[in-house]
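Undergrad: Listed below are the residues making up each chain.
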Amino acid sequence: MTTVALTLVLLVGAYLVAVLEGWTATGRFRPAAPLVAGLALFGRESLVPRRADRILFETAPVLLLVSAVLAAAVLPLAPDLVVVDLATGALFVNAAWAYVMVALVMAGWGPNGAYAMVAGWRFLGQLVAYAMLIVMPIATVGMRAESLAMTAIVRSQESWWNAATQPLGFVLFLLAAMAVAFLPPFDLPTAPGELAEGVAGEYTGVRLAVFRLARLVLVVTLAAAVAVFYLGGWLGPGLPPWVWSAVKTLAVAAAMLGAGRFVPRIRTEHLLEWTWKLGIPLALMNILWVALTLWLGDR
Amino acid sequence: MTVSGPRLGISTWPRRLLAWALARDLPAFVVPDTRLARSAGLDLEAAGLRPVATPRHATVLIVVGEVPPGLAAAAGVAYAQMPRPRTILAVGAAPILGLPPPDATTTLDQAGLMAGVARLRRQLAEGAFATEAPVLDLAAARTRTEFVCPMHPEVVRNEPGSCPVCGMDLVPREAAGAMARHDHAGIVPAMAHASGAAAGTEEDAAKRTYTCPMHPAVVQSGPGRCPICGMHLVPMGRADDPPQQALSRRSGPDSGDGTGSSGDRAREEPAGTVDDGHAGPAEQADQHAGQDALAVGVAGDQPAGQPAGRHGAAMRAARPGTMMDHRSHVDSGMDHGAHDAPASSTAHPAVGHDSSNHAPMGGAGHLVAMDPADPARMTIPRTAEDGSGHRSPDHRTPMDHTATGPQGMDQGPMDHGAMESGGVDHGTMDHSPPGGGFMSMVAMTEALPRSPDGLPMEWVEIPFGPLFAGLPGGLALSFTLDGDGVARATVGTGTTARGQRRGWPGPAETFPDRLARLDPLAPVAYRLLAQRALEAVAGVVVDEPTARRRVRAAEWERVGSHLGWLAEFASLIGATWLARRSAQLQLAVVRAKDEDDARLAAEIRGFVRAGARLPLLHRRLVGIGGTGLDLADRLRGPVARAAGIEVDARTDDPAYRGLGFGTSLDSGGDALARLRVRLAEIVASLDLLLAAGAAAAPNAPPVPSGLLGSAEAMVETPRGAARLRLTLERGAVIDAHVDPPSAGHIVLIPGLVEGREVADALVAIASLDLSPWEVDR
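If you're matching them up, the sequences are chains A and B in order. The first sequence begins at -7 in my numbering and counts up by one. The second sequence begins at 67 in my numbering and counts up by one.
Same shape as in the complex, but just chain A (with noise of 0.2 Å):
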């Protein structure tokens, strides 16, 4: 029951996500636009590039969605809602974001075209970027927490929330969840101008539907994570608790999708310099600057 009840909140989540970005995107607030594209889309058809690898055109849609879901699963709503509390929930959501890369890369090769072969690539680039600040973070929360369970990790929020006691892992954490997400300005594999919609540019009909649902669904599962690592989850005064984590997950949905609007894409090799040279040994000193603060706080 809480499966089903968690899998129609990620899908209105999902739903509220897109009606957000095409918000940021357009500038106007339409309510039924994604439910009228989503139909539209069912209702073209569904090509398949000539001699594209079967195999892997087929299944990076799927795959890209399987990884948000799965990743949503040990992501708690309130202290009882949650599909599976793992113990190393906060380990199992980066595990499950790897498969994201896998997906990419397949809609790259999958298609048989140069551009999504290209757009694929860059995301191979994108990964080895965004990797380390993916992880390094939430390290630091779970010391904090002194656990990798999710409803662990927010209730060690209840006096200050990890935003505001480690900043500098909340930002490199949001930056890296944007990145994951391939959101502008880390938009490389889906480049609308540069590579003509990149990796989702060969898909049409059902498998775009499926794309377009699993990349807001992965948006979806990403500021669920950062609310959960440093907002405080469900913490809150007043509301119930799950209502708290749906504002939250929003508030920082929003955040991600219209961050992006004012910049432009950012080169390859800029993302790999900063993240490498600027963005690693932020999160060490991150590391450090938490470790500090839980030894000095202990003493």
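None of these hints come from the bench; they were simulated from the model. Keep in mind that a hint or two might mislead.
[What the hints assert, rightly or not] Here are the simulated SDA-like cross-link-like pairs (lysine to any residue), alpha carbons at most 20 Å apart as the crow flies: (1) LYS269/A - PRO586/B; (2) LYS269/A - GLN176/B; (3) LYS269/A - LEU682/B; (4) LYS269/A - ALA123/A.
[Claimed, not checked] Computed footprint of chain A on chain B, listed as stretches where at least three residues anywhere in the stretch have a Cβ under 8 Å from a Cβ of chain A: (5) 142 to 151; (6) 584 to 595; (7) 637 to 643; (8) 673 to 682; (9) 767 to 779; (10) 805 to 815; (11) 823 to 835.
For glycine and all other residues, C-beta sits at the position ideal for the given N, C-alpha and C.
Position chain B relative to chain A; hints supplied.
TA: Same frame as chain A, but now just chain B:
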């Protein structure tokens, strides 16, 4: 009510719901590009259309204005790539050859567009699903199979056989088919060497220099074997070509097909890609009897599990899953196959999974060109500096394994190992595995030139145009990508050829209007150019109110043009707010009733200030797209001024001088400088408009009759100075020669992009603000 490309099926109530949704959500692929649509005053989003970057995601193919035959062919291919149901909306266009009849044809204005969209919606809601679908058979989308040697791409035959050079079996490959290709005359002359020369045939083979992949010191003028190791020699460039040109040349028939047919095919598979023994030709054979495509060994090449032949294709194409399709595809297997044939050639060029599209193996290892004067010296490609440590600033250093650092280190041992495992050793004759089928990536890339990052990747030739979303519509580019970097680039502009020049001779009174049609992006400037030339012939000097009026018109057009360029450029680099806002402002400028809209001017100024301060814009653009100093004399307009070269045709104009005109300069010569210069010019134009003041619009002075003589005139179009040389006799134009700025800039493209990552290459090209229309060749 029907649409031109309905989806097959009986219209049940769930499908009517889907049809309603299809009618409401209208992603549109714009031909030739959105900038032209906006400069015609069309607001696509307000009409309910949503421009998309690929025809695969589009329902509507919207054709704006008059489409030249080359672009019509590309539009036809784009249409074939759209998933059904698909429609065509022709806005202000004459009947388009090469496309099915449009579903709606309207006038070239917003009201017409809205009416057309409303009609399309009705048609889609009723006719999205139909029991019969017309078979799409476009000449431009037809392909045929040719046979090529994997090792020697210049060897091309129409039937299977063996390669005369090395004896390998020829592998099938798809190429542009029945439609006559644009010949090399369609390419800017400076590029001719790149395509014409390298389109080698056997006759050409004898004229080339040949070298041994293992021993670059061995050079001879015809094919043969290396006296040292006995390997077959591989061709290099022509003996009289300097190494740099040998570099920008493309290999084999790919060049001919790629350049020519990139005009034909929007984003078809380039000629140099996959062998296609599969359903493609099999399906096509059903439609095009007599094609020798069936001669291809279909069965042998099929991977296991994929049913060959038409039914296989039909089943693949008809997507299982939605129950709606099961009923339809049984009786329409043919149709699915039929439209799948051109459609399933990917919107985006295919990458060969086999060896047939790699660049010829010239030189040993990472060596790329022989210096014919001194065979012991090798050169590395001239690449743009981007801060990567691998680039050697002196591009004529002799390459040896120790001097090139990481490149050298992983080349040395790896090469020998690779060669061994690839089956190349000193005694045997060829590197190919038996049967000519599969080659390992290591073996395939062993002799390729290395890109500056040292990573050996297969070379793939990919068209980027003429309907590519980030580039000006009509610019047919072809990149040879080495991984994600551009190894070579060639340009073709035949797609915008409209034969305008033929219409220029004629009465002098109508000549300005005829010249204005040359470039739909800058009609005012070209009309002014014609008027000036006529006045120069007549020896007439216009009075001040007329001169001021002209300044206002020209500057208003400049503001609109730069805003339009900025919208496309910003959408290329992904700065969506910048793109959206400048598109809105461009539309407002185009639609403004008069040039004195103070509020609009204030908005534009505010936007320019905000845009220049966009975060990270500097980092994104700095250092990209710089041309060398030796090309400085080819630069014009904002491109030249961004490099610090102070050339502007307006400085010689007394009307401008009287209004206090000053050129906008920047140093840097890169994409960032060009952006800054254009932003500064927008503000400068607004200042000029303010200084010129609101003037009553006098009638254009009448052209004196019976003019005789010839004269030259120059005008600063938004892209640079355009020159016109006009000869008149008895009041009629008998000869007119236009030198547009884009002609000089297009030639710069290969040098600008080679060695760049593909996104940076596109930014560099877009920063030039080219107009393929004014080249019109």
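Undergrad: Looking at the structure, which of the earlier hints fail to hold?
TA: 1, 2, 6, 9, 10
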